[in-house]
Every structure is written in structure tokens, then in C-alpha cells.
Amino acid sequence: MKEILLSTEKLSKSFSNGGTMQHVLKNIDLQLRKGDFTVIMGASGAGKSTLLYALSGMDTPTLGTITFGTHEISALSQDELAVFRREHCGFVFQQIYLINTMSVMDNVLAAGILVSKDKKALVAKAKELFAAVDISEATQKKFPTQISGGEAQRVGIVRALINSPEILFADEPTGALNSKTGLDVLDTLTKFNEQGQSVVMVTHDMRSARRGNRILYLKDGVILGECDLGTYVHGDSQRHEKLSAFLRDMGW
Amino acid sequence: MKNRIFFGGMLAVLLIEAAVLILFALPGKENLQDTVAVNETAQAVQNDWADLTQHRSRTDLDYVVLDLDGTVLYKTRDGLSESINAAIRHRDTTVDIAVGGATVGKLLVANNVAQIFQAEKRRVIVAIALAILLQGAICAGYFFYLRRVVIQPFQKLKHFAQRVAGGNLDIPLEMDRKNLFGAFTESFDMMRAELKKARLAEAEADRSKKELVAKLSHDIKTPVASIKAASEVGAAMAAEEKVRENYERIIQKADQINTLITNLFSATLEELHELSVRPTDLKSEELHTLLKNADYLHRAVIPPVPDCLLFADKLRLQQVFDNLFANSYKYAGTKITVTVSMEDNYLAICIEDSGGGIDEAELPLLKEKFKRGSNTANIDGAGLGLYICDACMEKMGGRLDIENGATGLMATVWIALSRSI
Amino acid sequence: MRKCFLIARSNLRKSKGQTAAILVLVLLAALMLNLWLMLSTDYKANFERYHDQLNAEHVTLSVDGDSEELQNSLAQMLQRDSRTADYRLDSCMHMTGALPYNGGEMSSWFVFLEKQAALTRSIGQIEIVEEGACSSGVYLPMLYKTDDIAIGEPFEISIGNHKETYTVCGFFNSVMMGSHNCVLTQIVLTADKYAALQAAGYAPQATLCSVRLNDPSDALSYEADMKSAVSEQYPNITMVSNCYQIVSQSRYISQMICSGIVSAMAFFVLLIALVVIGSNIINYIQVNLKNLGALKAVGYTARQLIGALLVQFLGLALLAAIVGVGLSYLVFPTVNGIMIAQTGIPYAMRFLPLPLGITLAVLGGTVALAVVLASRRIRKIEPIVALRSGIQTHNFKRNHVPLETAKAPLQLALALKTTLSGIKHNVTVCITMLVLSLVVVFSGLMTENVIADMEPFLNLIVGETADSCISVQADAEDAFLRAANADSRVEKIYLYSSLNVSHAGGAELMATLCDDFAKVNNQDTVFEGRFPKYDNEIAIAAKYAEENGLAIGDEIEITANGKQEPYLICGFTQISNNLGRDCLFTRAGYERLGTLTSTSYYINLTSGTDIDAFNLAMKEQFKDSVNTTINIDTTISGSASVYVSLMTIIVIAILALSAIIIVFALYLLVRAMLNNKLRDYGIMKALGFTTRQLILQTAASFMPATILSAAVGLTVCACIINPLTALFLRGIGIVKCTFTVPVGFIIIAGICLVLFAFATVCLLSLKIRKIAPRALLAEE
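These protein sequence lines are chains A, B and C, in that order. Sequential numbering from 1 applies to the first sequence in this note's numbering. Sequential numbering from 1 applies to the second sequence in this note's numbering. Sequential numbering from 1 applies to the third sequence in this note's numbering.
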């Protein structure tokens with residue numbers, strides 16, 4: 001059994017929406033293991049992103065506890081969460097969210113220097129990651145508005161990985177991209193996962209979901225089902241069928 | 001940007017030059033003799049007249065003092081006019097020295113216009129030289145700048161174009177951000193990148209087309225095979241058989257429809273419509289309030305409830321607790337112990353009194369309609385409470401267990417945790 | 001138009017905080033502007049109104065003696081002059097003297113009049129403002145009314161060398177003789193006291209000529225002509241005079257200073273308000289690019305959109321301006337009170353349409369201009385482009401402070417990035433800080449030179465100060481000097497006498513004589529050229545020289561006692577005492593024109609010496625040979641305390657105003673910045689930046705501009721503050737200021753200013769706390 005990185009207990013999240021309470025997550029009991037590529041699937045409004053942001057300490061749960069390694073992050077204050085996030089979590093957003101006023105390199109370094117003071121090592125690491133995601137030196141000096149969406153998202157992945165996070169959280173990383181560049185981004189994520197990086201990804205796209213080895217299906221704030229796909233091998237049609245069957249069961 | 005600096009600099013230099021010119025051209029201040037200094041000198045000479053050997057110049061004027069005979073009594077330096085005539089020729093200022101009302105000598109203050117003129121000339125020369133130098137420097141700077149910014153990039157661009165023409169699309173054009181032609185050269189590089197991309201896409205499209213053809217040819221084989229097999233079976237069977245099988249299939253489908261309809265009806269036939277229970281998601285912390293409300297005689301210590309989201313109807317749940325506590329008050333009247341525990345997908349709330357419980361045989365009957373325990377003869381009641389409670393709990397997806405505990409009757413309310421509906 | 005209103009209203013609702021801040025800035029600007037306009041336009045006019053109301057004289061002359069013969073010849077002289085419109089001669093007594101004033105004492109030339117006579121004079125009559133029940137006592141000019149000097153209270157006055165005590169019966173206003181700034185100060189006695197004073201003979205009998213002229217602007221030369229005519233006929237006669245110009249100017253010195261400062265403040269506040277409004281509008285347009293594009297797409301024209309912005313900002317500005325003007329009427333009585341303490345002329349506040357009009361026009365016009373200039377961009381917005389919002393053209397922005405190579409810590413580097421990419425903000429910050437540093441330097445200067453140590457200010461305003469001034473008869477001079485030089489208490493003694501001479505063909509000048517100008521305490525009096533050294537030299541007031549086109553090295557003719565002599569101008573002086581009608585002679589120089597009948601000596605005493613005791617001892621020793629003794633210290637502290645309190649109020653007001661301005665300007669800037677960077681801050685928070693880090697980062701991003709402009713501003717202002725102040729004080733004859741610039745104070749104030757700005761930005765950007773990374777999700 002792989003080491004448990006993160007576990008939740010009766011995790012619930014509610015929003016007040018014009019007086020009525022809306023419960024987006026309900027009693028989620030979940031364990032994430034090291035090295036897994038966990039995919040959270042579900043229809044729009046199922047609470048996928050809310051779950052992701054709660055797991056990653058971006059947002060505090062209404063009820064329940066989240067234990068990340070040895071920290072109980074559900075009990076931390078906003079600022080403590082921020083410090084926690086920068087050290088343990090990496091984020092890839094659907095809207096990418098690079099800071100437009102900074103160059104690509106600076107976008108990555110701004111996140112990195114927060115944690116590490118060793119700038120030299122950091123730059124070296126950034127360059128290594130950039131090379132891994134196929135971002136050229138020239139692009140590193142450009143501004144986010146000057147590069148394509150696919151490039152931007154790969155930069156987003158580099159930024160997320162610069163601090164060697166325990167878990168990389170990706171919220172529909174291909175949502176804003178066309179299918180070709182989306183595939184590139186997925187390949188990148190898969191590659192890092194193969195190197196041992198734990199990844200949690202939210203998606204409603206089956207093609208993306210296929211990359212995971214553990215699929216959670218979320219509906220109305222509850223994990224409806226779970227499917228273990230085993231390790232990913234490119235073009236393995238069995239996986240695809242297994243996933244399709246699972247999703248059919250779930251009423252996809 | 002650089003252009004602006006250049007032109008701005010040039011303009012500034014030109015303006016300064018123009019200003020300097022105007023300044024020189026303007027009728028300057030008339031070069032007047034400093035009357036106050038002359039007066040001071042004259043006064044000093046008059047005061048010191050008795051012994052001019054002790055006289056010291058108090059101003060920066062150059063002058064000569066003569067007596068009435070033209071003898072030089074004092075001079076600040078050599079080379080000055082030392083007679084009235086020389087002074088007139090040199091346009092020197094001549095002042096009478098009067099002591100006690102009588103003129104006793106002459107003060108000749110040297111004319112220093114020539115020196116002033118020389119100094120003025122030097123200033124003009126320096127100013128013009130500086131302006132020329134500055135302009136030259138700006139021009140030279142601009143020339144080097146232009147060279148770096150325009151000529152060199154174009155040379156680079158030439159090599160680049162040659163490479164692209166030769167079919168080498170992999171080497172990007174190095175761009176200099178500060179370069180005037182940055183955007184321009186970048187579009188060249190974009191062109192190269194696009195060309196490269198187009199070439200790759202073309203190759204990709206070619207390959208996928210081949211794949212598609214291969215796959216389709218395989219897929220079409222399967223249905224053709226089943227059609228073939230069915231035709232084989234059809235050929236083997238007699239005509240009467242075939243009709244019977246068709247009938248059987250129809251009966252089978254009719255059975256299916258029947259089942260479906262049965263299911264549909266069975267749902268509507270459920271009774272207890274009068275008790276509408278509308279469970280929603282409920283925060284577990286609200287249970288605490290419900291229990292507090294129910295235990296109005298404060299006979300129980302309400303333990304903390306673990307955080308979770310429950311699936312329950314708040315109103316009905318209150319009703320259940322009210323009932324249970326009221327029963328305990330009525331029949332046992334002792335302290336009540338409440339324990340809360342989380343089990344599986346339920347939150348179990350265990351309410352136990354110290355009344356000793358009831359006959360084991362009566363237990364299953366308690367939840368029935370209009371059934372009451374044997375010890376209730378003197379206490380009025382309809383025997384409906386627990387029945388309703390049980391029904392409510394079931395509607396919420398939970399249940400109600402009644403059993404004899406260690407000290408008395410123990411009711412356990414199982415509330416379902418929120419799940420997908 | 002209605003559509004414009006609709007848009008304007010929705011705009012307003014969205015940005016309440018910004019609207020409020022702009023409102024306050026405009027309000028302050030309107031308040032200051034209107035106050036200044038009221039002070040500068042109506043105050044002087046008020047003097048003229050009051051002058052006419054009391055039918056006051058244009059030239060006043062008090063001449064020794066009241067014989068019939070003297071009066072007849074005076075009358076003849078006055079009648080002969082065609083410039084005379086009306087005149088009046090009254091018997092009076094006159095004498096130099098002193099009375100308590102503002103904790104010190106003030107010395108002036110007193111003109112004593114009998115109450116009935118004073119009230120019934122057809123020219124220059126007095127107006128009794130307050131009157132008690134007593135029938136025997138003294139009436140004083142309104143200016144001297146204090147808590148101690150009130151109706152029914154005893155009051156001690158020095159007349160020459162004698163002291164008299166009277167009961168105060170009331171207070172009056174007199175235009176030409178109502179304050180010590182007028183040279184002549186009128187004291188009105190009841191009939192019995194007047195007779196008693198006459199009998200005591202402390203003050204000589206005199207004739208008071210009050211002349212009204214056809215053209216008041218002739219008063220100055222008329223005064224000089226008349227005095228030279230009288231002295232021609234009666235050489236060495238004592239006479240004291242003043243004229244309309246001198247009085248109207250001198251009574252308005254403080255009002256001029258105050259309104260100058262208020263106007264400068266108004267201008268600066270207005271400047272900052274406009275810069276801030278301008279940058280705010282630009283920011284607004286940037287933030288609302290999408291909405292504006294949508295409106296354009298729906299069919300609004302650029303003209304309508306700009307119209308809406310105009311309605312929005314102009315409406316607000318005018319509203320705030322009207323409220324500000326209203327407030328200025330509330331503040332005015334306070335200012336008026338301070339002014340009246342200086343001018344002694346009552347002023348009834350009234351509504352002034354002109355300042356209101358100008359204020360509204362200036363504020364409205366400038367705000368409209370700012371809006372139109374800032375909103376030119378709207379014309380260029382293409383609806384489609386705007387709808388896509390922020391489609392930035394392919395621009396090569398510089399990557400400021402690349403983190404890869406930056407040596408600075410992360411926070412600072414990020415702050416610097418923000419600073420360098422927001423030039424517009426920096427400009428606004430710079431302008432604000434530059435203006436504020438001027439304000440700070442000015443208040444520092446005033447604190448150092450007026451409030452903390454009066455010396456430099458006194459040197460400027462009063463001219464020469466020493467400890468004691470003793471005036472002795474010419475015949476006792478030698479004995480007095482011997483005694484004084486032998487006295488161990490005397491540190492320094494020098495002749496410093498003032499008397500009147502005339503510039504031939506020009507005005508009357510107050511001449512100051514000294515045996516050796518190297519001895520005088522205030523060596524700054526002559527700021528260009530040098531003091532006179534020889535008997536044919538003269539130093540004259542720069543203001544007078546400028547008015548008459550005189551330069552150093554020129555020769556001017558001076559007349560006195562019927563004699564006329566040429567003098568060489570060797571220097572320019574600046575003494576505001578006599579409003580720039582001064583000249584300096586050596587004693588030998590004056591003696592070419594006449595002899596001194598009495599001489600005034602200024603004496604510096606060793607520290608710790610009781611000045612009054614010394615004066616008394618000298619008076620005992622020389623008895624009647626001593627005309628007057630003046631304790632200069634107390635005299636000065638009397639009149640100076642008014643300036644000190646005025647300056648204190650101004651400095652406090654200025655500093656408070658600066659604080660308000662800085663807060664509001666920064667508020668608007670911080671808001672704009674937060675609006676712009678909302679997304680970036682959200683991302684940064686998601687990446688793990690804490691609120692504290694972001695707040696500090698925001699505050700730090702303001703610091704380069706703040707520190708730089710504060711440093712530059714303070715340095716430049718420290719250098720130019722003296723000439724600038726001189727410019728303010730030009731009206732009272734100051735050409736060159738030599739105030740000590742308080743470097744320590746300025747440095748500390750600069751640091752405080754920067755820290756204050758930092759703290760303010762930190763406080764204002766607390767809003768960052770509310771930015772949740774979750775807000776990023778809301779965009780989905």
C-alpha cells in the first residue's frame with residue numbers, strides 16, 4: 001500500500017446563497033496516496049473544483065477535517081494556509097492565471113523565492129523544468145500575453161512544480177485549451193506523474209480522465225464511485241473501456 | 001524611445017544654443033564704472049592724504065594718486081596711466097581729491113574695459129565649444145545606436161532568410177527586445193514557426209487518415225459476419241419454427257413491459273402520504289440545538305456532535321427527539337444518558353434512561369401502531385409516538401432502534417449522512 | 001441627457017469610496033480658494049468702505065504747537081494746494097509713549113483728543129464701538145481691547161517719561177490712527193482727564209491737520225510736500241504724519257501674508273485634487289473598458305459616454321465646491337477674528353458672489369478639462385476590442401527587475417516591478433509629495449524662525465533689535481556715552497536714530513542714522529551692496545529703489561530742514577517697518593543736512609541684566625536729558641506674539657491639511673491599484689503569498705516614488721524656500737529672506753512624511769485581506 005498523503009474525514013462545504021444554504025460537498029471521506037494520479041470527475045456543479053480547492057488548502061471546509069501529511073489544514077487560518085500552500089501544494093488552473101505584468105521566468109521565480117532563498121538552485125530548477133515542458137529560453141523571457149495558451153499552461157505547470165510540492169492540483173488544466181495543446185499539457189502531467197509526482201486533477205473530459213490511475217466520480221457533492229485503472233500505458237484500449245464502463249455505471 | 005531621447009536631446013541643445021545666442025545678442029548691461037567703489041577709494045585716499053605711504057587699497061580697483069604737480073603719490077600696480085593725459089587717452093576715470101574744501105590731488109582709476117571684453121570673449125568661445133562637443137557627442141551616440149538597432153538586425157535577418165529559403169526551419173531568429181525592429185523581426189520568426197507547424201500538421205493529418213481507413217475496414221467486418229451467421233441459422237430452421245420464436249420474443253418483451261409497469265405502480269402505492277418528510281442536508285452541529293430543545297427538563301448531558309453533514313428533515317427530527325425525551329420523562333423519569341457516535345454512514349444518537357427498560361417480548365411491538373407497553377396503564381397516550389418516529393426516520397433514510405440497554409430503555413436514532421440522492 | 005444621468009448614477013453607485021474622496025478633495029480646494037478670494041478681494045475694499053463711512057482723512061499731520069499763527073499758516077498752506085479737497089485743524093496734545101499690548105508693550109506716537117472733539121470732527125471722526133458707564137477716563141482703539149484691558153478696568157499708559165493711570169471707558173475705531181502700525185495712535189480722553197493732562201504738561205500742545213484729497217493716490221507725495229513746506233517755515237519743529245497708502249498697507253500686512261499662504265494652499269490642494277481626479281478617471285476608464293465597450297456596442301456614442309462622465313464628475317465637483325464655499329463662510333469668522341486682531345478694522349461678513357463664481361468656474365472648468373482630457377480614450381475604444389477587454393497589443397514591455405538576477409529580496413523586487421510598471425501612479429505620487437514637501441519645508445521654516453526663535457523673523461520685520469533704546473538730548477550726549485561705556489552692564493552701545501527726510505521729487509523717507517554700521521546687530525538689513533561708510537553715501541530701501549528706478553551707484557538728492565544734498569546709493573535695504581520707505585545714513589552723512597537735537601542709542605546689555613532697571617538707572621542719572629527709554633524686548637514681544645499665534649495657527653492648519661490630502665490622494669491611488677491588481681493578488685494568494693506580504697508589497701511599491709520625490713522635493717524646497725518666502729513678502733518690502741532653513745527638522749519631517757505615507761498605504765490596503773483565492777473560482 002502506498003503512503004497516504006492526504007485524507008479527509010466528513011469533509012463538507014456549504015455556501016450561503018441568498019439566504020439558503022447550499023451544500024456543495026457532503027461528508028467526503030477520501031484518501032490520496034503518494035504517486036497517484038487521481039482524477040476527480042463529475043458533471044458541472046458536482047463540486048469537483050470545490051473539493052479540489054478544499055483539499056489543497058485554498059479554501060477552508062465548512063465541516064470535517066483534512067489532514068495533509070501531519071498537518072491538519074482545516075484548522076489553519078488564511079495566512080497559515082497560504083504558507084502551507086506555498087510549501088506543499090502546486091496549482092494548475094483552468095484559466096492558467098499567470099501574472100501578466102511579469103515575464104514567464106519571473107512568474108515561476110516569484111512562486112519559488114517564496115519558499116527557497118537559494119536563487120541559483122531555483123533558477124537551475126526552473127530551467128530544468130522549462131526544458132522538461134519544452135519551453136524555450138526565448139519564451140521564458142516573454143510575457144504571458146505573448147505566448148500561446150498551451151505554452152502558458154505548461155508554464156503554469158512549471159510554476160506549480162517549482163517548489164517540489166507533495167501534490168500537484170490541477171483544475172481542468174485543458175479546459176481553456178484546444179485539443180492539440182490540451183494533449184501536450186496532459187502528456188506533461190503524465191510525464192511528471194510517471195516520475196513520481198502525485199497529481200490530483202479535476203476534469204469533466206473523459207480523454208483527460210483516462211490519464212489517471214484512480215478515478216473518483218463526484219455527484220451532488222458525494223463521491224459516487226471510484227475506479228482503479230492501474231498504470232497508464234499509451235493507447236491501452238482496455239483502460240478506455242474500463243473507464244467508459246465505470247462512467248456509464250455512474251450515469252455519465 | 002531612443003529616438004525621443006535623441007530628438008529631445010538635440011532640441012534641448014539647440015534651445016540652449018539659441019538662448020545663449022540671444023543672451024549674447026541682447027544689448028548687455030552697460031559696462032558701468034562702479035561708482036560706489038570709486039567713491040570708497042576717493043574717500044579712503046582723502047582720509048589717508050596726510051601720509052599716503054600708509055594707504056592701502058580697499059577695493060579691487062586699480063588706481064593711481066597724483067598730487068597737483070602730477071607726482072605719483074600712490075599706485076596699486078605698475079603699468080597704469082600715471083599722468084592726466086595718459087589717463088584721458090586710456091579713458092580712465094579721473095576724480096579730484098579734496099581735503100578741507102581744497103583740491104589737493106587727482107585720483108586716476110584705471111579703465112578695465114579691455115579685460116572685461118577679453119573675459120567675455122573667452123566665455124563665448126567656451127560656450128560654443130561646449131555646444132559643438134555636446135552636439136557631436138549626441139550625433140555620434142545616435143549613429144552608433146542606429147547602427148546597432150537598424151543595420152545589424154538587418155544583417156541578421158538576411159542570414160535568417162537565407163536559412164529559411166534553404167529549408168532549415170528549426171533555427172529561430174534571435175530577437176533583441178530593445179531593438180527598434182523587434183516586432184518586425186518577430187513576425188519573421190512567427191512566420192518561420194508557422195511554416196514549421198504547418199509542415200508538421202500536414203504530416204500528422206496524413207498519418208491519421210491512413211489509420212482511419214484501416215480501422216473502418218476492420219469494423220465493417222463484424223456486422224457483416226453476424227448478418228452472415230443469422231442468415232445461416234435462418235437457412236437451417238424451418239418456416240414454422242421461425243414464427244414460434246418470433247412469438248416467444250414478443251411474449252418476453254411483454255413480460256418486461258409488465259415488470260416495468262408493476263414497478264411503477266408499486267412506488268405510488270406506498271402509504272403514509274400524510275407524513276411528508278423532506279430531508280435536506282443539515283449540519284451536524286444543529287443536532288445539538290435539537291437535542292437541547294427536546295431535553296427541556298435538562299436531565300441529560302448533551303455530548304458534542306462530530307462534524308458532518310446529515311441528511312434529515314430538521315422539523316421531523318425535532319419531533320423524534322421530542323417524542324423520545326417525553327417518553328422517558330413519562331415512563332422512567334430518571335437521568336438520561338445521551339451518546340453520539342459515527343458508524344459507517346450513519347450518525348447514531350443513543351438515548352438511554354435508568355428506568356430499567358421493559359419486557360423483552362414487548363420490544364418489537366412498541367413501534368407498531370396503537371401499541372403501548374404494559375407499564376403504561378396509568379399514563380395516557382395513544383401509542384402512536386414511536387410508530388411515527390420510526391416512519392419519519394425511515395423516510396429520512398435512517399432508522400429507529402428500541403432495545404433494553406444496561407440501565408433502562410435505550411432508543412438509538414440512526415441519522416443517515418448526506419449522500420447522493 | 002437622461003441617458004447620461006442613468007449611466008452617471010450607476011457609475012456613482014459602483015465607486016462610493018472614490019467618489020467620497022474626490023468630493024473631499026474638491027471640497028477642500030473650494031474652501032481654500034473661496035477663502036483666499038474673499039480675503040484678497042473684499043478685505044481691502046472693506047478698508048475703503050470704512051474709510052469713506054467715517055469720512056476719514058487721507059493725510060494726517062500732527063505739528064507741535066497750537067498757536068493761532070501756526071494754524072493760520074498751516075491753513076494757508078493747505079488751501080494753496082490744489083490737491084486738497086477738504087481739511088480740518090484741531091487742537092490736541094501729542095507725545096511718544098507706550099501702552100501694554102499682548103503681554104508686552106507697544107510704543108507709538110500718541111495723539112490725545114478730547115472725546116467730544118474727536119466725535120464731532122467732520123473729517124477723521126471716530127466711531128465708538130463699546131462704551132461703559134464711566135464718565136471720566138480713556139477711550140482706546142478697538143485693537144487694544146484684551147481680557148485685561150476692558151471697560152471699567154484701570155489702565156496704565158506711559159506718556160513720554162511719565163506714567164498715567166486711567167479707567168477704560170470704552171473702545172473706538174479710527175481708520176487712520178487706530179493702530180500702532182499707523183505711526184500715529186489716537187487716544188481719546190474725557191474732558192476732565194484731557195484738561196488734567198493739559199495741566200500736567202506731559203504732552204506738548206499740538207495741531208492735528210486732517211486732509212482729504214481729491215485723489216487719494218496723491219497722498220504720499222502730498223505728505224512729503226507738506227512736511228517739507230512746514231519744516232521750511234518752521235525748522236526743527238516736531239511733526240509726525242501718516243498717509244492713506246502707508247496706513248492701508250500697514251494695516252493689511254498680516255492679511256496679505258495670511259491670504260498669500262491660504263492662496264498657495266488652495267492652489268496646491270486644487271493641483272493635487274485635479275491630478276488625483278485625472279488619474280482616477282483614467283483608471284475608471286481602464287477598469288470599465290468592458291462596460292463602456294458594451295454601451296458603445298448597444299449604440300451609445302462616445303459623446304454620450306463622455307457626457308455621462310462629465311455629468312458624473314462635474315456634478316460632483318460643483319456640488320462639493322458649493323458645499324466647500326459654504327464651509328468657507330463657516331470658517332471665515334475665525335480667520336476674520338485673527339485678521340481683525342491685526343488690522344483693527346471691523347469686517348462684517350457678507351455674501352460675495354464674485355469669489356463664488358470664480359471658485360465654481362475654476363473648479364468646474366479644471367475638472368471638466370481633466371475629464372475631457374482623460375476620457376479621450378473612450379473615442380478610440382472599438383466596441384469589439386473593448387468587449388474582449390484588455391486585448392493588449394503585441395507590445396514589448398520591459399521585464400523590470402528580473403527576479404533571476406535581482407539582488408533585492410522577493411517582496412522588494414515584486415514591489416519594484418509594480419512601481420516601474422505604473423508610471424501614472426508614480427507621477428501622481430510625485431506631484432503630491434512635491435507639493436507636500438514644499439508645505440512641510442514652509443511650516444518647518446515658520447516653526448524655526450517665527451515660533452521657536454523669533455530672531456530671524458524680527459530681523460526681517462522689525463529691522464534692528466537690541467535690548468534697550470534710550471533717547472537723550474543732544475547736549476547730554478557726551479556725558480551719557482561716557483557713562484554708558486563705563487557701565488559694566490553695557491555690552492555694546494551705538495547710535496541708532498530715526499528721523500524723516502525727503503527724497504527730492506519723491507516720497508518721504510524714514511532715515512536711520514548710525515555712527516558705525518559695523519556695530520548694528522542685524523547685518524542683513526542691507527542685502528545688496530553695503531552699509532554707508534562715508535558722509536556722501538546712503539543705503540535705500542530696495543522696494544523704493546525699484547519703484548523709482550534707482551540703482552546702486554546712482555546719486556539721489558535728499559532734502560531736510562530746507563537743505564538739499566546729493567548722496568551716492570551704496571546699498572539696498574529691506575526693512576518692512578515703514579513699508580519700504582527707508583534709508584540709512586552715517587551720522588556724518590546726515591549732519592550735512594542738519595544737526596541732531598536728540599539722539600537715540602541702541603544698547604546691548606550683558607545677559608541677565610534687568611533692562612527696566614537699567615533704563616530707570618539711566619533716567620535717574622540724566623534726569624530730563626533723557627527723552628524716553630524703551631525696553632525693546634517687551635515692545636517686540638507685544639507685537640510679535642500676534643505673529644507667533646498667527647503663524648502657529650497657519651502651521652497647524654497646513655500640517656493638518658497635508659495629512660488629509662496625503663490620506664485622500666493615497667486612498668484613491670491604492671484603490672485604483674487594488675482594482676487593477678485584484679486578479680494578480682488573487683493568483684499570488686493562491687500561490688501562497690500571505691496578506692501581510694501583499695500589503696507590505698503594495699506599500700513598498702509606493703515607496704520609491706514617495707521617497708524620491710520627498711527627498712528631491714525637500715531638497716529643492718529647502719533651497720528655494722527663502723526666495724519663495726521673499727516673493728510672498730514682497731508686498732511689505734522684503735526682497736531677500738535669510739531665514740535659517742531647519743535641516744534637522746526637514747529631514748525628520750521628510751522621514752515622518754514617508755513613514756506616514758507607508759502606514760497609510762498599509763492601512764488602506766487592508767482590503768487585500770478580503771481577497772480570497774477562491775474569488776478566482778467565481779470567474780468560472
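Keep in mind that the hints are not guaranteed to be accurate.
As the list claims (entries may be wrong) - Covered stretches of chain C (chain A as the covering partner; in silico rule of three or more C-beta atoms under 8 angstroms from a C-beta of chain A):
#1 400–409
#2 414–425
#3 679–693
Claimed, not checked - With beta-carbon atoms standing in for the labels, derived distance ranges:
#4 B:Phe154 / C:Pro409: 25 to 31 angstroms
#5 B:Ile116 / C:Ala85: 53 to 59 angstroms
#6 C:Ser10 / A:Ala75: 40 to 46 angstroms
#7 B:Asp189 / A:Gly230: 52 to 58 angstroms
#8 A:Ala43 / B:Ser208: 42 to 48 angstroms
#9 C:Leu319 / A:Ser179: 17 to 23 angstroms
These are calculated hints, taken from the structure and not from any lab test. The beta carbon of each residue, even a glycine, is placed where N, CA and C say it ideally should be.
Checklist entry - Okay, Ser10 (chain C) versus Ala75 (chain A) on CB: inside 40 to 46 angstroms? => result 43 angstroms, holds
Item to check | Whether chain A covers the region 414–425 of chain C (at least 3 residues having a Cβ closer than 8 angstroms to its Cβ atoms) | outcome: holds (count 4)
Checklist entry - CB of Leu319 (chain C) to CB of Ser179 (chain A), is that within 17 to 23 angstroms? => result Distance hint for Leu319 (chain C), Ser179 (chain A) is violated at roughly 57 angstroms.
Next on the checklist: Tell me if the beta carbons of Ile116 (chain B) and Ala85 (chain C) are separated by a distance inside 53 to 59 angstroms.
Outcome noted: 55 angstroms, holds
Checklist entry - Could one say that the CB atoms of Asp189 (chain B) and Gly230 (chain A) fall in the range 52 to 58 angstroms? => result 44 angstroms Cβ-Cβ, so the 52 to 58 angstroms window is violated.
Checklist entry - Taking 8 angstroms as the C-beta cutoff, is the stated coverage of the region 679–693 of chain C by chain A satisfied by three or more residues? => result The restraint on the region 679–693 of chain C holds, since 13 of its residues have a Cβ under 8 angstroms from chain A and three suffice.
Checklist entry - Holds or violated: the region 400–409 of chain C covered by chain A, criterion of 3 or more residues with Cβ-Cβ distance under 8 angstroms? => result holds (count 3)
Item to check | Ala43 (chain A) versus Ser208 (chain B) beta-carbon gap, inside 42 to 48 angstroms or not | outcome: 30 angstroms, violated
Checklist entry - Do Phe154 (chain B) and Pro409 (chain C) keep their Cβ atoms within the hinted range of 25 to 31 angstroms? => result Roughly 42 angstroms apart at Cβ, these two residues miss the hinted range, so it is violated.
Hint compliance for this structure: hints 4, 7, 8 and 9 are not met, and every other hint is.
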